[in-house]
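Next come the chains, spelled out residue by residue.
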Amino acid sequence: MILTRRMALLGAGAMLTGCDRLASHDSVREALFSAENFHRWAQRSLMARDALAQEFRPDQISPIFRANGTANPNTPAYKALWRNGFADWRLAVTGLVERPLSLSLAQLRTLPHREQITRHDCVEGWSAIGKWRGVPLRTIVEGARLRDSARYLVFRCADDMGGGRPYYESIDLIDAFHPQTILAFALNDAPLTVANGAPVRLRVERQLGYKQAKYLMGIEAVATLDGIGKGKGGFWEDVAGYDWYAGI
Amino acid sequence: MDSPTPTDGITVKRHRLSTRLWHWLNAALLYVLFTSGLGIFNAHPRLYWGQYGANFDHAWLELERFPGWITLPGLYNLAMSRHWHLTAAPIFAFALLFYMLWSLANRHVTRDLAFRRYDLRPRHIWQDIKDHARLRFPTGQAALRYNVLQKASYVGVIFILLPLVILTGLTMAPGMNAAWPWLVDLFGGRQSARSLHFIAAFALAAFFIVHILMVILAGPINEVRSMITGRYRVPE
Numbered sequence: 065m066i067l068t069r070r071m072a073l074l075g076a077g078a079m080l081t082g083c084d085r086l087a088s089h090d091s092v093r094e095a096l097f098s099a100e101n102f103h104r105w106a107q108r109s110l111m112a113r114d115a116l117a118q119e120f121r122p123d124q125i126s127p128i129f130r131a132n133g134t135a136n137p138n139t140p141a142y143k144a145l146w147r148n149g150f151a152d153w154r155l156a157v158t159g160l161v162e163r164p165l166s167l168s169l170a171q172l173r174t175l176p177h178r179e180q181i182t183r184h185d186c187v188e189g190w191s192a193i194g195k196w197r198g199v200p201l202r203t204i205v206e207g208a209r210l211r212d213s214a215r216y217l218v219f220r221c222a223d224d225m226g227g228g229r230p231y232y233e234s235i236d237l238i239d240a241f242h243p244q245t246i247l248a249f250a251l252n253d254a255p256l257t258v259a260n261g262a263p264v265r266l267r268v269e270r271q272l273g274y275k276q277a278k279y280l281m282g283i284e285a286v287a288t289l290d291g292i293g294k295g296k297g298g299f300w301e302d303v304a305g306y307d308w309y310a311g312i
Numbered sequence: 738m739d740s741p742t743p744t745d746g747i748t749v750k751r752h753r754l755s756t757r758l759w760h761w762l763n764a765a766l767l768y769v770l771f772t773s774g775l776g777i778f779n780a781h782p783r784l785y786w787g788q789y790g791a792n793f794d795h796a797w798l799e800l801e802r803f804p805g806w807i808t809l810p811g812l813y814n815l816a817m818s819r820h821w822h823l824t825a826a827p828i829f830a831f832a833l834l835f836y837m838l839w840s841l842a843n844r845h846v847t848r849d850l851a852f853r854r855y856d857l858r859p860r861h862i863w864q865d866i867k868d869h870a871r872l873r874f875p876t877g878q879a880a881l882r883y884n885v886l887q888k889a890s891y892v893g894v895i896f897i898l899l900p901l902v903i904l905t906g907l908t909m910a911p912g913m914n915a916a917w918p919w920l921v922d923l924f925g926g927r928q929s930a931r932s933l934h935f936i937a938a939f940a941l942a943a944f945f946i947v948h949i950l951m952v953i954l955a956g957p958i959n960e961v962r963s964m965i966t967g968r969y970r971v972p973e
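Keeping their order, the protein sequence lines are chains A and B. Taken in order, the first sequence gives residues 65 to 312; the numbers are from the numbering used here. Taken in order, the second sequence gives residues 738 to 973; the numbers are from the numbering used here.
Keep in mind the hints are simulated off the structure, nothing from the lab. Be aware that one or more of the hints could be misleading.
What the hints assert, rightly or not - Stretch-level coverage of chain B by chain A, calculated; a stretch enters the list once three of its residues show a Cβ under 8 Å from a Cβ in chain A: (1) 776 to 782; (2) 819 to 825; (3) 907 to 921; (4) 935 to 944.
Cβ coordinates follow ideal geometry from the N, Cα and C atoms, glycine included.
Start from the sequences and build out the full structure, keeping to the hints where you can.
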């Protein structure tokens, strides 16, 4: 990103096209960024609240499920967790909840599971189909009992992205309570590998890949996304300007 | 070849306001959509058939990244390419929908675009192909009607290519897959839809090039004026 920004500065003037110059105006930028709101409204108007993402047959699973983004958080804290098989890992459920939780991997595995063969769509354009097993997020959230003021769930990750600004993501309650939204601990019948987000990653099946936060450490219920990171609701949303609603 | 720019022909009203507005809106939107689309494609310049496709899977097409002079923005920025693309796309889609309905209502489709029986006679089609190949453009009354190749390309673009590019674009949206799962089935998978979207975009680019070439050969000033003011001087 730093490289891109530096190149953008160097290239400014000579290389900017008319459209690029247009996009440097705040009002144009704002209009371009607000298309997301139209798409969220349009998609959610067209689909039932619990409309399911497509599920596939076992023979349609990708031979190799491409792992993307961070391949290993490699922080001392994460390495310590990994070394003893995540026995000391705890998922903290905090924020606007009546009953904060701290769940171990063993506890998560005793809860009712959901299994789904779904397609992972990267914002870059590729897709991979995999079979996920995990606990419906709804089960966790209902266990923690959301307060009425909660509007979003923020997912905190062990991955510090090398810059001390850890990966995080957020979804609203429509997706939080969706039947296919799960905290996945297995991919293709094997425990999650480090590259795919061990020990637990989020699956929000109606959105793009960058919403599927890996290396989950905590879930925080909040009333607003302001004040978290840069306030855009996620690492890539803050850093690169990706849409918060990634249904398109 | 006869002089393509008539000097003293009569001037007639050629293009409706709806056609002119839609034409220029489309020109701007297609430019934004094509260039930002190439910017998005550059994030993963490989194409696949079927439901899935990533680096380990077989790609039927693998390209280098498109150069900055033809992408929007000029410097690789996937987020900005997507913002441009997803802002222009719904305007483009609804404009097409309204234009289709409007052109059915004002009988533009049935009067000007629908094939007549004589259009479809093999000898007539062959004659039209020969005329085009020799760059022999119609004059007088014949210049006021679309010939069969023109009709075929306009009908093909409006009723096949543009709906195809819009629907395959929608198919790539994971949210739309939940809303309208039939879209994925229609195109045989998300990666097939992505490939068809790419092919349709380049078919539109090919149409654009031939279209510009024909305008230049048929008399650019008269043709462009007719698409701005609606007035067209009949070639003699």
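Consistency of the hints with the structure:
no. : hint       : verdict
1   : 776 to 782 : holds (count 4)
2   : 819 to 825 : holds (count 5)
3   : 907 to 921 : holds (count 11)
4   : 935 to 944 : violated (count 0)
In summary, the one numbered hint that this structure violates is 4.
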